[in-house]
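Read off the chains here:
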Amino acid sequence: MTSMTMNSLRSVLQSLPENAGEAIVVEHFSNPLLEALGFQPHEIYPQYPMGDRKAVDKAARKTIGNDIFLHSGSNPYLLLELKGRNCNWANNSAPYQSTVHQLKQYLLAPNCKSVQWGIITNSCHIQLFRKHGKVVFPATRCLPLNLEKVDEIVASIRKKIEKPAKALTVTIYNNKGGVGKTTTSVNLAGILTLLGKKVLVIDFDPNQQDLTTSLGLSLSDGKVLSALTNRDIELQNAICSYSFAIRNRNKDAEVKFDVIPADRKMANKADEILKDKIPKTGARILHRKLEFARQKYDYILIDSPPNWRFFSKLAVYAADVVLIPTKHNNLFSIENAATAIKTFIPEIQAEKADGTPVALPIFFNGERTTDPQLTVAQKEIQNIIKKAREEDRFDLLPYFFSKYTKAHPDCDIPKIPSYVNIASSAFSRVPAVYRDRTALEYYKDLVKEYFLI
Amino acid sequence: MSNPKDIGHLMHLYLDEIDPGKGTEAPEFLIKASAHLLNQKGGRNWVPIIVRETSEDCYELIGNSFIYAVAEEAGLERVWCVIADDSQETAEISQILAGETIPKINLSKASRDEIKAALEYLIEQPSSPIKSIQLATATNRIDEAPRQYWKTFDPITNLKCGITKGKKLDALKQIFYLEPQPLPDVITDISLLQAMTTTDLKAMAKKRGISGISKMKKDDLVAALSQSP
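As given, the protein sequences belong to chains A and B, one line each in that order.
Under our numbering, the residue at position 433 of the first sequence is numbered 433, and the numbers go up by one with no gaps.
Under our numbering, the residue at position 39 of the second sequence is numbered 39, and the numbers go up by one with no gaps.
The hints are simulated quantities; they were obtained by calculation from the structure and are not laboratory data.
Note that the structure is predicted; figures quoted are calculated from it, not measured.
There could be a bad hint or two in this list.
To be verified - Derived pair list, reagent style DMTMM-like, types lysine to aspartate or glutamate, alpha-carbon separation capped at 20 Å:
| id | chain 1 | residue 1 | chain 2 | residue 2 |
| --- | --- | --- | --- | --- |
| 1 | A | K403 | B | D113 |
| 2 | A | K134 | B | D57 |
| 3 | B | K104 | A | D52 |
| 4 | A | K403 | B | E120 |
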């Protein structure tokens, strides 16, 4: 049965006219593709309305009980946007980017809250995107489709959409130190837990160990190191639990999240020593060891060390998305964010070859800001963007000014304002969001901006 | 009534045949300086006035009243106008597109992003009455409140986000309107129950036939009512 479907998809591709337009691709390619992905005809809804007069080409969802998607149209699971073969997608072309943009807008439409996957294809290329909360990121690269590969590629996409990872893995990284990576990690863990999410936070900076210390936990004694260097030892062994009692309307409630503390045995080890124990392709080791956690947690947060050495590479490799805190009054932190986005992250993308990790737009962390200072920062950023465009042909704009369009050059960047209780919280061994109402509101705003629908 | 064949067309109308309606609040400087430049730079208003026809050769301005005022100041006999249809919707959208009125959003079902953008706009207005409120806090609290049932804006004053009755609350009415859903007969949602007054909760508990109401405090009432009947 499976081979029959495969054959038919291959023959469908074979029978498409060489320069099939969008209508032909929609008519002849989309349903065989969706069927090869496991959807029956009554589980596919054509021209699924998005409100505001727009519609995505196809939406799909498996039947749940008596709820047939074609009949109810409720709770779509996957969106498919198609283009014609004349729409050239090679080399990150403008038509490719505009299709990705279109899909992202559909995925984030108010009536698509239940959607977890988006696919774009013009029958020459195909790309799968994952939606986790508010975050949309690639789940494959933009893959060329040819007769030899089409079955294999579609089968691998089917495998992914049938078993989505529960967790979003977020690495908090900036190669500049002192921008508040640890404060961000701790408070994100705190607020996401408070909002009912299951969270694992990893202190992956063995030299500073700040996250572990700021939660009052003890360091790991070799458990992380041995999990990373021995194929039979699980990282699970290193997990501790952090809990905090919250007083709420006379009732006590306990909030709890899991932590992998920094490993004292990894401190001050030169990267090279570890590199010997971990094979050449070693950057993937943390990612692989976190396999168990991706079905268990809603969020895995990794507090990465600064610099761009072995540990930070492991941390960035393990990520779906990279969150980059910066300081508006620290030019280096902004320049380093640009370097991470245009050099380091693509380096890992090339190695990992599944489209991830991708950078989230930057945010300004915890400094008092005045309007003139912000203007200076915006000017600097505009220079950095211009330089990257000219020298590296890399478009940094969406990572710095995510709301910017030509008609409306909006240079707004999200910020966590300076707030004394956030900074001083480390001394009390409690995340600021649990001690202070205002800190809680700031971080809730941040997670709703970036992560939660 | 606008003649259907004129709708959408550009026409060069006599200024004195157009009723300017409520006029513009633009400062005198802008009007006079613009009028001076208009005369210097060819005397043609390339950005047209939006009008509708009320009777033969009688028009009413529905959008771009600033340009009307400038043309009048410049002493133009005729102005270029776009003829619009008579509907109220057209008048509203013309004024919004001309930037003359502030668009409002439906707070009953607006998304969090929409609420945040609206509040941010209001905070950044010069001499805004809500200048001192915390954007993050106000957005979070308003977004999480049971606003789909609000019949008035008053519950906002109970959210402890710095918006008090009077000028601050009135400012919000410039950007929000409400289209409330009817309250369901049986409410079990805890956050919704907590937002209600104890008197209302007692009345509901009585209706549901819950016993021992008189001794119950608010939290007890919420706990009892949140159990599905």
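Each hint, compared with the structure:
Proximity of K403(A) to D113(B) is assessed by CA-CA distance (about 12 Å); at most 20 Å being required, the pair is judged to hold. Among the hinted pairs, K134(A) with D57(B) is inconsistent with the structure: their alpha-carbon atoms are about 55 Å apart, more than 20 Å. Our distance criterion of 20 Å between C-alpha atoms is met by K104(B) and D52(A), whose separation comes to about 17 Å. Straight-line distance between C-alpha atoms of K403(A) and E120(B) comes to about 15 Å, which keeps the hinted pair within the 20 Å bound.
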